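Mapping of the sequence shown onto my numbering: position 81 corresponds to residue 96, and the numbering continues sequentially without gaps.
Derived from the structure by calculation, the hints contain no laboratory data. Be aware that a few hints might be false.
[Said to hold, decoys possible] So the derived label-pair ranges between C-beta atoms look like this:
hint	residue 1	residue 2	range
1	Ser35	Gly92	14 to 22 Å
2	Ala34	Val99	15 to 23 Å
3	Thr39	Arg102	12 to 20 Å
4	Thr91	Ala34	14 to 22 Å
5	Thr91	Ser35	27 to 35 Å
Nothing here was measured: the structure is a model prediction, and the numbers come from that model. We treat Cβ as the ideally placed atom computed from N, Cα and C, and that holds for glycine.
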Amino acid sequence: HAREITSEYLFGASLYTDASSDITVDFVNFWASAVVPNQKGIQALGRVCVTNSRFVGFSGESVIGANGMVCNNLFTGSYGGNSVLRRN
């Protein structure tokens, strides 16, 4: 469970889980720090629940999830990709 943190990074994904893991994210700020292709805030191969969080300035998808729920979030300053992408 990730709650009430700020994540700023340069490359890859800030949070990553494999297919056997579940993650809940609530009140987290994800900031992309540069224009880098394929940046991701969250890449969850298992179940993901993302609520009340902010995703700022991503050039890739802000959230990639295999299964789960994404609601009550702010996506701003994104370009070049989808805000949320579901992958099976």
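* Asked: Given a hinted range of 12 to 20 Å, is it respected by the beta-carbon distance of Thr39 and Arg102?
  -> 19 Å, holds
* Asked: How does the Cβ-Cβ distance of Thr91 and Ser35 compare with 27 to 35 Å: does it lie in that range?
  -> 32 Å, holds
* Asked: Given a hinted range of 15 to 23 Å, is it respected by the beta-carbon distance of Ala34 and Val99?
  -> Roughly 18 Å apart at Cβ, these two residues keep to the hinted range, so it holds.
* Asked: Does the Cβ pair Ser35, Gly92 satisfy 14 to 22 Å?
  -> The hint (14 to 22 Å, Cβ to Cβ) is violated, given that Ser35 and Gly92 are roughly 33 Å apart.
* Assessment of proposed distance window 14 to 22 Å (beta carbons of Thr91, Ala34) -> 30 Å, violated
The structure shown violates the earlier hints numbered 1, 4.
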